[in-house]
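The chain contents come next:
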Amino acid sequence: MAVSRRRFLALGAGSAAGGFGPAGCGSQRSLGDPDEITLWTWDRSVSDELVARAETKGIPGAQGFKLSRTNIGGHFNTKVRTALAGKSLVPDIIGINSDVATYFPNQDMFVDLNAFGAAELKSRYLDWKWSECITPEGRMIAFPMDTGPTGLFYRADLLQEAGITTDPKELAARAPDWDGFIALGKELRRSQERAVICPNIRHVWSIRLGQLGSKFMTEDGRYIGDRDELREAFELAYRIGREGLSAGAPEGSPDLYGVITSGRQPVGIGAVWWGLAFPESAAPKTGGKWRVADPPGGSGNVGGSFLAITKYSKNPEAAYKFITWLQSPENQVKAFTEMSLFPSSPHSFTRPEMRESRPFYGGQRTIEVFGPSARQVRTVNKSPYDRVMDPVFAAELANVESGKNVDTAWRDAQNTIERELIREGAI
Amino acid sequence: MGLADALRGKTVERRGRTAKPPPDGSRPLPGWRRYWPMYTAVSPFFLLFAVFGVFPVGFSIYLSFMSWDGIGETRPIGWENYAYLVTDSDFWQSIGNTLVIWILSTVPMVFLALVIAYALHTTVRFKAFYRVAYFVPNVTSIVAMTLVLGSVFSDSSGLLNSALRAISAGEVGWLSDPWAMKVSVAAITIWRWVGYNAIICLAGLQAISSDVFEAAKVDGADNRQTFFRITIPMLRPVILFVAVTSTIGGLQLFTEPQVLFPVDDNGNVGGPGGEATTIVLYLYQQAFVFNRFGYGAAVGWALFLLIAVFSVINWRLIGGRDEDAIGTGKRKGKSRAR
Amino acid sequence: MRAENAARSRTTVGHAVLLLGVLITVFPFYWMFVMASNTTGDIFAYPPKLIPGSHLWENMNKVFDGIDFWGSMGITVVAATSVTFLVLLFDSLAAFAFAKYDFPGRRVLFWVVLATFMIPMQLALVPQFVTLAWLGWVGSLKALIIPGAANAFGIFWMRQYAQGAIADELIQASRVDGAGFFRQWWTVGLPVLRPGLAFLGIFTFFHIWNDYLWPLIVMTDPGKVTLQVAVQQLNGIYTTDQSMVIAGALMSVIPLIGVFLIGSRHFIANLAAGAMKF
Chain W
1 MAVSRRRFLA LGAGSAAGGF GPAGCGSQRS LGDPDEITLW TWDRSVSDEL VARAETKGIP
61 GAQGFKLSRT NIGGHFNTKV RTALAGKSLV PDIIGINSDV ATYFPNQDMF VDLNAFGAAE
121 LKSRYLDWKW SECITPEGRM IAFPMDTGPT GLFYRADLLQ EAGITTDPKE LAARAPDWDG
181 FIALGKELRR SQERAVICPN IRHVWSIRLG QLGSKFMTED GRYIGDRDEL REAFELAYRI
241 GREGLSAGAP EGSPDLYGVI TSGRQPVGIG AVWWGLAFPE SAAPKTGGKW RVADPPGGSG
301 NVGGSFLAIT KYSKNPEAAY KFITWLQSPE NQVKAFTEMS LFPSSPHSFT RPEMRESRPF
361 YGGQRTIEVF GPSARQVRTV NKSPYDRVMD PVFAAELANV ESGKNVDTAW RDAQNTIERE
421 LIREGAI
Chain H
1 MGLADALRGK TVERRGRTAK PPPDGSRPLP GWRRYWPMYT AVSPFFLLFA VFGVFPVGFS
61 IYLSFMSWDG IGETRPIGWE NYAYLVTDSD FWQSIGNTLV IWILSTVPMV FLALVIAYAL
121 HTTVRFKAFY RVAYFVPNVT SIVAMTLVLG SVFSDSSGLL NSALRAISAG EVGWLSDPWA
181 MKVSVAAITI WRWVGYNAII CLAGLQAISS DVFEAAKVDG ADNRQTFFRI TIPMLRPVIL
241 FVAVTSTIGG LQLFTEPQVL FPVDDNGNVG GPGGEATTIV LYLYQQAFVF NRFGYGAAVG
301 WALFLLIAVF SVINWRLIGG RDEDAIGTGK RKGKSRAR
Chain C
1 MRAENAARSR TTVGHAVLLL GVLITVFPFY WMFVMASNTT GDIFAYPPKL IPGSHLWENM
61 NKVFDGIDFW GSMGITVVAA TSVTFLVLLF DSLAAFAFAK YDFPGRRVLF WVVLATFMIP
121 MQLALVPQFV TLAWLGWVGS LKALIIPGAA NAFGIFWMRQ YAQGAIADEL IQASRVDGAG
181 FFRQWWTVGL PVLRPGLAFL GIFTFFHIWN DYLWPLIVMT DPGKVTLQVA VQQLNGIYTT
241 DQSMVIAGAL MSVIPLIGVF LIGSRHFIAN LAAGAMKF
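Each protein sequence line maps, in turn, to chains W, H and C.
The letter at position 225 of the first sequence is residue 225 when you use full-length UniProt numbering, and the numbering goes up by one with no holes.
The letter at position 279 of the second sequence is residue 279 when you use full-length UniProt numbering, and the numbering goes up by one with no holes.
The letter at position 59 of the third sequence is residue 59 when you use full-length UniProt numbering, and the numbering goes up by one with no holes.
Okay, chain W solo, but in the shape it has when bound:
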């Protein structure tokens, strides 16, 4: 160690100066340069091409502003909320997943989009989607991005092997409800002994939940997560597991892809993005063999997302310009063709690009299934406490799948939820 004391001091002082110099002295509330509108999203949530255009050529309608987008890996809400709690370097715009209501208690962290006349655009978007952006106090804290209308995905070749019709209309007529869907699964067993109709039973639960007219809480904050309709959905998931029609793949495990690539799951109900996330990316070799039909049990929505402007934004107006540009009906079409992000604006459903036949689905026009499905989704009251309750049901269903008694699991779920809601001060 031949470092002299003087050199050591100089070295250290230099590096310390390097540490503070660029950081500056005052704290910076808004992330990015003064002419940058910063955006945080997760992978595959927005059109990469449109974002790249706004990054290089500037934001249309907002002179002098450029976009700077960051893709967040890992748990998205953790990053966003930690940044909000940290009160510095908060991005101008954040993506919010379908759990937008969890941000309602923090509504003053976000800009009320009504201030920019967002109401004028209301007619462009699906009613149920639009209403999810608005807090009980009437502030519009988010703007619609994509939606997740569900459909019945199926492998035409494998259905044919089992002697089942491959026509979308006929298949939908054959499995109009969940019982029909279960019967379909049993028929598939004729040609493939280990065939399943879902990756795990939590999947059934979330799809069924997306078909119902209400979730866990009423608008005035009353808990209704113990009603019969939900109990039946819980039992339905259990029943499918008992019939051996679930693969029992753990959430987030590679097995979720395995059941698709191996063809063990020839049918599945999923949101439109499911097609891209699973068959299209995990099993490209099955291209051309997939079809889509109306889902058993009725239309529903799973997933879909929003954009919101934080109160720390350096220029909310420019941020608003960007959001409305990115989510204009034309650009939603672009997001659909590029990333399979299904529009929240029915105006785009009629565009020729949307009506193109999709080679991966044997040339089918999938919009004919998802378009009507998206329009029929019912307006559902989402509660800020959903994020406390959702994991409870998911965990208990995982327990059911590994052998827990379904009645006990239901009771335990209700007890846990009551305890959690009391703790959150919700009831």
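Since the hints were made in silico from the structure, they are not lab data.
Glycine is no exception: its CB is placed at the ideal position from the N, C-alpha and C atoms.
Among the hints, a few may not be true.
Stated by the list, open to error - Here are the simulated DSSO-like cross-link-like pairs (lysine-lysine), alpha carbons at most 30 Å apart as the crow flies:
1. W:Lys57 with W:Lys404
2. W:Lys186 with W:Lys169
3. W:Lys285 with W:Lys57
4. C:Lys62 with W:Lys285
5. W:Lys311 with W:Lys404
6. W:Lys215 with W:Lys57
7. W:Lys321 with C:Lys62
8. W:Lys186 with W:Lys122
9. W:Lys334 with C:Lys62
10. W:Lys314 with W:Lys57
11. C:Lys62 with W:Lys66
12. C:Lys49 with C:Lys62
13. W:Lys122 with W:Lys321
14. C:Lys49 with W:Lys57
15. W:Lys334 with W:Lys382
Claimed, not checked - Now the in silico label distances, taken between C-beta atoms and shown as ranges:
16. C:His15 with H:Phe111: 13 to 21 Å
17. C:Leu261 with W:Ala52: 39 to 47 Å
18. C:Phe27 with W:Ser131: 52 to 60 Å
19. W:Ile427 with C:Arg107: 49 to 57 Å
20. W:Glu161 with H:Gly96: 28 to 36 Å
21. C:Gly105 with H:Val51: 19 to 27 Å
22. W:Ala52 with H:Phe111: 25 to 33 Å
23. W:Ser191 with H:Ser157: 27 to 35 Å
24. W:Ser131 with H:Ala50: 46 to 54 Å
25. W:Glu251 with H:Asn223: 46 to 54 Å
26. W:Asp179 with H:Phe111: 38 to 46 Å
What the hints assert, rightly or not - Not close to chain W: a few residues of chain C, all C-beta gaps over 12 Å, as computed:
27. Lys62
28. Trp70
29. Trp137
Keeping the supplied structure of chain W fixed, place chains H and C upon it in accordance with the hints.
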């Protein structure tokens, strides 16, 4: 003299008497002018400690009686956080997990460290090479190496299960079975720390006079007898040091389980069933994934209590009998063996 | 003759044990290189590919595309160097004063230093974050540097070192020459403490470089994180491309191993000596 003595106030007292400032004939300065340089010298630590230690700790008492998501308003809720904590099965599970992983890692690690140290001690050649090779894991990044070992442990396609399959042994759910998950975390910890502890044990061994081993050899003791009858007893102080540091480290385990089992969409941590959730990971989850800052503060106090209890046990073990105190042990050991 | 044989066989057994241990210790590094230089498909195939492949450069390029590797490296280097410098400065000053000078309150103050040593700072993880938020430091380098700029371990360790290493006579002589406290620290203390400083320096540097929980929480801007967090982010976004993730891990580890191999002999010797001082 060591930390144990110092904490009991001995060292400080002794030094207090023997430290020698001025009597060099210069006229004594008034107190402040004489002492300000020393106070200035020690002040950075106390200043930082006040801002980032005392204040947050005090503030966390206040926070632990609040319901707060870190963003909105705080809401006083009295003892509710603590009441919830006592009956929170996830919290107790995390304590159980931490203790199990701690035992699964510390016990084999101390043993292996001793074996390696002993082998190093009796080996003359390549010592420098071995020491470096064994120490490298400790200075490499935990995140990077956990990712590597995580892919080795992967259930469906990891190297370990491929090897098991090749020899037709049953595959193990290293990242899904409740026990195997803990073993995986423990294995990564052992891998990282065994060399470090071996080198400390080696230092302890080298402090033992070679006369003792010579005498044992003359008496016809074989390797095993020497190891268990002489080496280990004489190393007791060093082993205790290793045990204490592993306890402190083990109770604060975070990175390995956090990287091995990333936070999932529902905000769950610690893998399937949360079987690898440690206390600090649980604290992180409650505070920063679920944004329960108030509850996180309460969990922090529970963690503090737990570590305090273990520390007291440890200090009892070390400081209980003077002759075994680390640092004097090696001298005493020598005379006792003669 | 028999004793010689016994000694030889003991040595052979010793080497066998040690070599086996080294194999296990070093294997993950080898495997890291194998993974980083193959494609994900090759590694997860059965039987897996066990020798290095030719895709290292390709995987590394993907890392450069996926995260701001050099930016993260810069942040990590600046943070680790700054903290190391400040720790050496503040800890050696405090240790010098505690070891060699008497002043009112010294006993109490030193006891406080030792007591803080015992408090697990994770206890205050949440309020520490909140404190930083109030200061407006969240997301900035200050959050990584200032809170760790002086520590109890370093003060305790350096004080132990200083007591044994610095002769009182030297200080007396310096004082007779008219030197004040800081001059004595500079001319008498530091030169003698140099080996101890080197150890504490490397120790601190590694510690900050490898720290994970704290930067994970306080570096909220994903474009400005330390290497550890960047590698974890890489894993979060590109889970399915393990080869690329491991290539990133490899790149984050190389500088550390380099620094360690240069200073290893010195470092290990001091570590052992340090442990014996407890």
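Comparing the hints with the structure gives:
no. : hint                               : result
1   : W:Lys57 with W:Lys404              : 57 Å, violated
2   : W:Lys186 with W:Lys169             : 20 Å, holds
3   : W:Lys285 with W:Lys57              : 37 Å, violated
4   : C:Lys62 with W:Lys285              : 25 Å, holds
5   : W:Lys311 with W:Lys404             : 46 Å, violated
6   : W:Lys215 with W:Lys57              : 43 Å, violated
7   : W:Lys321 with C:Lys62              : 33 Å, violated
8   : W:Lys186 with W:Lys122             : 45 Å, violated
9   : W:Lys334 with C:Lys62              : 26 Å, holds
10  : W:Lys314 with W:Lys57              : 19 Å, holds
11  : C:Lys62 with W:Lys66               : 26 Å, holds
12  : C:Lys49 with C:Lys62               : 21 Å, holds
13  : W:Lys122 with W:Lys321             : 16 Å, holds
14  : C:Lys49 with W:Lys57               : 45 Å, violated
15  : W:Lys334 with W:Lys382             : 29 Å, holds
16  : C:His15 with H:Phe111: 13 to 21 Å  : 20 Å, holds
17  : C:Leu261 with W:Ala52: 39 to 47 Å  : 43 Å, holds
18  : C:Phe27 with W:Ser131: 52 to 60 Å  : 57 Å, holds
19  : W:Ile427 with C:Arg107: 49 to 57 Å : 55 Å, holds
20  : W:Glu161 with H:Gly96: 28 to 36 Å  : 50 Å, violated
21  : C:Gly105 with H:Val51: 19 to 27 Å  : 20 Å, holds
22  : W:Ala52 with H:Phe111: 25 to 33 Å  : 57 Å, violated
23  : W:Ser191 with H:Ser157: 27 to 35 Å : 28 Å, holds
24  : W:Ser131 with H:Ala50: 46 to 54 Å  : 51 Å, holds
25  : W:Glu251 with H:Asn223: 46 to 54 Å : 52 Å, holds
26  : W:Asp179 with H:Phe111: 38 to 46 Å : 60 Å, violated
27  : Lys62                              : 14 Å, holds
28  : Trp70                              : 15 Å, holds
29  : Trp137                             : 7 Å, violated
Against the hints set out earlier in the document, violations occur for numbers 1, 3, 5, 6, 7, 8, 14, 20, 22, 26, 29.
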